[in-house]
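Protein chains in written order, with the working numbering: chain A, 1 to 580; chain B, 1 to 580.
In short, the hints are calculated from the structure, not lab data. Because the structure is a prediction, the values reported are computed rather than measured. A portion of the hints provided could be inaccurate.
Which copy? The list can't say, so a pair holds if one copy fits it or any two copies do.
Listed next, the in silico EDC-like pairs over lysine to aspartate or glutamate satisfying Cα-Cα at most 20 angstroms (straight line) [unchecked claim]:
1. K431 to D482
2. K431 to E481
3. K395 to D540
4. K535 to E447
5. K535 to D456
2 protein chains.
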Amino acid sequence: MMFTKYFPVLDWGRRYNRDAATNDLIAAVIVTIMLIPQSLAYALLAGLPAQMGIYASIVPIILYAIFGTSRALAVGPVAVVSLMTAAAIGEIAVQGSADYIVAAITLAFMSGVILLVLGLFRLGFLANFLSHPVIAGFITATGIIIAASQLKHILGIDASGHNLWELVHSLIEHLPETNPVTLVLGVLATAFLFWVRKGLKPMLVKAGVRPRLADILTKVGPVAAVVATTVVTWSLGLVDKGVKVVGDVPQGLPPLTAPSFSPELWSSLLGPAILISVIGFVESISVAQTLAAKKRQRIDPNQELIGLGAANIGAAFTGGYPVTGGFARSVVNFDAGAATPAAGAYTAVGLALAALLLTPLIFFLPKATLAATIIVAVLSLVDFSILKKTWNYSKADFIAVLATILITLGFGVELGVTAGVVLSIVIHLFKTSRPHMAIVGQVPDTEHFRNVLRHDVTTQDNILTLRVDESLYFANARFLEDSVYDIVASMPKLEHVILMCPAVNDIDMSALESLEAINERLVALGVKLHMSEVKGPVMDRLKRSDFLEELSGKIFLSQHQAICELAPTYPCPQEDAQNG
Amino acid sequence: MMFTKYFPVLDWGRRYNRDAATNDLIAAVIVTIMLIPQSLAYALLAGLPAQMGIYASIVPIILYAIFGTSRALAVGPVAVVSLMTAAAIGEIAVQGSADYIVAAITLAFMSGVILLVLGLFRLGFLANFLSHPVIAGFITATGIIIAASQLKHILGIDASGHNLWELVHSLIEHLPETNPVTLVLGVLATAFLFWVRKGLKPMLVKAGVRPRLADILTKVGPVAAVVATTVVTWSLGLVDKGVKVVGDVPQGLPPLTAPSFSPELWSSLLGPAILISVIGFVESISVAQTLAAKKRQRIDPNQELIGLGAANIGAAFTGGYPVTGGFARSVVNFDAGAATPAAGAYTAVGLALAALLLTPLIFFLPKATLAATIIVAVLSLVDFSILKKTWNYSKADFIAVLATILITLGFGVELGVTAGVVLSIVIHLFKTSRPHMAIVGQVPDTEHFRNVLRHDVTTQDNILTLRVDESLYFANARFLEDSVYDIVASMPKLEHVILMCPAVNDIDMSALESLEAINERLVALGVKLHMSEVKGPVMDRLKRSDFLEELSGKIFLSQHQAICELAPTYPCPQEDAQNG
Chain A
1 MMFTKYFPVL DWGRRYNRDA ATNDLIAAVI VTIMLIPQSL AYALLAGLPA
51 QMGIYASIVP IILYAIFGTS RALAVGPVAV VSLMTAAAIG EIAVQGSADY
101 IVAAITLAFM SGVILLVLGL FRLGFLANFL SHPVIAGFIT ATGIIIAASQ
151 LKHILGIDAS GHNLWELVHS LIEHLPETNP VTLVLGVLAT AFLFWVRKGL
201 KPMLVKAGVR PRLADILTKV GPVAAVVATT VVTWSLGLVD KGVKVVGDVP
251 QGLPPLTAPS FSPELWSSLL GPAILISVIG FVESISVAQT LAAKKRQRID
301 PNQELIGLGA ANIGAAFTGG YPVTGGFARS VVNFDAGAAT PAAGAYTAVG
351 LALAALLLTP LIFFLPKATL AATIIVAVLS LVDFSILKKT WNYSKADFIA
401 VLATILITLG FGVELGVTAG VVLSIVIHLF KTSRPHMAIV GQVPDTEHFR
451 NVLRHDVTTQ DNILTLRVDE SLYFANARFL EDSVYDIVAS MPKLEHVILM
501 CPAVNDIDMS ALESLEAINE RLVALGVKLH MSEVKGPVMD RLKRSDFLEE
551 LSGKIFLSQH QAICELAPTY PCPQEDAQNG
Chain B
1 MMFTKYFPVL DWGRRYNRDA ATNDLIAAVI VTIMLIPQSL AYALLAGLPA
51 QMGIYASIVP IILYAIFGTS RALAVGPVAV VSLMTAAAIG EIAVQGSADY
101 IVAAITLAFM SGVILLVLGL FRLGFLANFL SHPVIAGFIT ATGIIIAASQ
151 LKHILGIDAS GHNLWELVHS LIEHLPETNP VTLVLGVLAT AFLFWVRKGL
201 KPMLVKAGVR PRLADILTKV GPVAAVVATT VVTWSLGLVD KGVKVVGDVP
251 QGLPPLTAPS FSPELWSSLL GPAILISVIG FVESISVAQT LAAKKRQRID
301 PNQELIGLGA ANIGAAFTGG YPVTGGFARS VVNFDAGAAT PAAGAYTAVG
351 LALAALLLTP LIFFLPKATL AATIIVAVLS LVDFSILKKT WNYSKADFIA
401 VLATILITLG FGVELGVTAG VVLSIVIHLF KTSRPHMAIV GQVPDTEHFR
451 NVLRHDVTTQ DNILTLRVDE SLYFANARFL EDSVYDIVAS MPKLEHVILM
501 CPAVNDIDMS ALESLEAINE RLVALGVKLH MSEVKGPVMD RLKRSDFLEE
551 LSGKIFLSQH QAICELAPTY PCPQEDAQNG
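The following block holds chain A by itself, in its conformation from the complex:
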């Protein structure tokens, strides 16, 4: 049992049959064709040699197939994580240097260890601190930065920067150096890829191709651009005209590599490694869950952490860099009919063959083509509708999204996502620190009690009933005290305060101390404190403290019982009155 839990492969592996194998093989061929240009492009985005993108797609896929729980997830380099890798190691090593590569490998190893530890200690919930709007804003802003960072390859110039401001500044500065041939090639490739994405499928469907096949052809379209521009560049000798190409890519299987264990490197990569792990995990699990739900399958978030952790550690030892589950490739894998994680293993074999045999063919592949692939892919991530959606629904969420987008664009990915997380936590605490409270009265002739401001209800001069619509904890304990003292100070005839608690799901130690203080101060004023409709688990906990002995009043099962007993003029059936 235990064994199967940590090795999901033992579960589906036993039931593996020929049908499933056929489906998996077909899916693997399609995904492999799609992944070759994508892997090269993302390595370029991360500032790494192109082959590292392919290496990062081989062993990690196999390890995920063994440890992961998603049937369709395809693991490898993705755009956002590649950019975050570039941002993290760009600060501590020069692009192209051996140190840069070692740092990328070390980053993959650290991310793997972090993911593994989170998974083994079942800390997957930590990823929940990233709210949906913050993720949406972050992905949008990252998409813009990635697209901007690739413009230099389309223009054939040098430019750099970790935020939009730096990038635009650097692009404008180098604009006069634009290489016209590269520009023509880049623009044509970009236009073609946009057309493949938007126009190809309708055309194919109109021509009688089945929609699912049309979908798949659309996804492998980029390979046509790769082949065409490579052939053009080689045959017309465009390298002499200044077109930059991928160049010499070593032929062979992924090499054995090892991370550095320098304490200095680790301490400077720790922050980025945590962010990359969490962002990668969140992206990956939302893809996995979307696909699993379509087939009523289960994703175990903590086991996913272990799967992704193993994949990243695998990447570190086989010349790769940080990886995660990619959206586009997983969807293609799923649509192509992948039945089990074995499809991933077959994809790995396909990519290994590509690394072994195809690398000499991509010498003349222009970097502009890869940049076009990236630009077209990431612009589909850019979606500002989250701003409108949150503006309508919740201003608090809107502020968090807007801040995430602006800070990511203006100060880079690491500060952007950190600010988003911190801000959404602060906003949540702020909201719950000023809970909705209502003074309630009785709806005449019923046992219902409602807000005096919204309903025509009966109240007594000597009784204050306050309904608190939030769990009581440290962030709102003082607010509760302030509110009670304020209201009490304005009611000179007061004899009883009743806290009505049907929506109080928890009372922590701070709130308990506030209740004790309220009780004590009310006693000094000759006012009794009561509580009504306290939930079972909250009551269980209160019984473990001295509060119930100190309480000057009583705990009532219902608000109706409280009023029956405390308001002498109120007509109440005798059997209803009951002490808590």
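On the provided structure of chain A, position chain B as indicated by the hints.
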């Protein structure tokens, strides 16, 4: 109106009369006598010249009297803030140097500005992020560190350190250098002060002194120790025997000083200044509220921030260091009958006279006496009962307290309080990230629905009712999704899922998107999603999104109505069924 709000003095000042003035004057004399040794001692604790303690008690008291809202709060140097000051500036300047003093003045200015800004922007709620148990643990650990840091004066040796480990290590190292005369003096002073605190009041009461007067005499007891040890040290020439004394204290009113505006200094003091402001504010406001409640007076937390901010800025310009409302002095002020903040102003005059006239008299005051004053004062802050209390009541709070105590003792005050704050927020998010959920069924022959695990209830095979006992927000949105998918996967006959929401006080954008995802995935499985007992404010917000149009099922006012409509076999009065 606006004017009175920011200058509370205009409110009480108009009604000031002779009776109030008499009470205030008496209180001021008592507090002044108590404050002289205390102010000197706390300056010593902060590593500053003794007179700065007195300076920090003059102008700040007056400014607080103008801007503050508490009638009895006495502002000045306090133990915890003095230690935090020493910890903050000890890292950037050498004790005794001019830089050290400038840093202390700058720290007071920065704290003042931070408090003022928090007050003007009404951000007082930020102080709520410090939970009660974390504060209790922090104060206890700080008390221990302070007491340990003063042992060197009792022993007459040199020792230093910012955490308990360093202090104990340093004390043991220098133990052989103990000065016997100082030790005798220090132990006697400490024993006397303990006796004053514990034994003097019962003795006086027995001798017929009124309890209130006995209380006050107990509080001014330390002056006797100051006078006695000073006279002994002077008359026996103990300075020659190695007893360290306060020495030359400049005679005169507080000097005009100015903070430094060096960006380097500001950036290294920013973190400590924030911590000092928040800790000082929390200490001060809890004292102010305790005293105000006894007389049904109101404390406005945001105006308190302004009052304390003004006091700290005043301290910076008159040779002081960070100040806040002190517990002991405020209680004495209150017990002695202070009627208005004018009592504070009279105290300031008393201290100014002391600075002008008495400073030559304290040349021979032994540092050991001041250390004894501090030790006796702070040991009353040490209270480990919070550990037992939280252990019984809530393990989550217990972990936060224990971590705060251990990290404060082991790594110093700044890391300790930061860890406490972060940990209590993380624990809160963790708790709410896995909310209590219950599958509920109908209690036979009633309209009540209860947990199937706790009660004998009726359920239907095709209906799942899930009650969520927590607001839905980003930290638990994914947990909700996971839980629903898990349960749905185990119920093959399912047609309807009803989310019962009486305890859901908020649904944020992340949770809304999770609900949309749940709805979409259930539709794909042929299952309808309904909601029941959605609260008014939550419903208002849902109406601003597209969710209600997308929802495959209905919103029911009550769970009873939901079952009536969805369970065909259930006997339901026709008039009860109603669509939301």
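Results of checking the hints against the structure:
1. Taking the closest pair of Cα atoms, K431 and D482 come within 20 angstroms of each other only inside a single copy of the chain (16 angstroms); across copies the shortest separation is 25 angstroms, beyond that limit.
2. For the homomeric pair K431 and E481, the shortest alpha-carbon distance inside one copy (17 angstroms) is at most 20 angstroms, but the shortest distance between copies (23 angstroms) is not.
3. Taking the closest pair of Cα atoms, K395 and D540 come within 20 angstroms of each other only across two copies (14 angstroms); inside a single copy the shortest separation is 37 angstroms, beyond that limit.
4. Taking identical chains as interchangeable, the C-alpha atoms of K535 and E447 lie at most 20 angstroms apart whether they share a chain (18 angstroms) or sit on different chains (18 angstroms).
5. When the C-alpha separation of K535 and D456 is checked against a cutoff of 20 angstroms, the pair qualifies only between copies, where the shortest distance is 19 angstroms, while the shortest distance within a copy is 27 angstroms.
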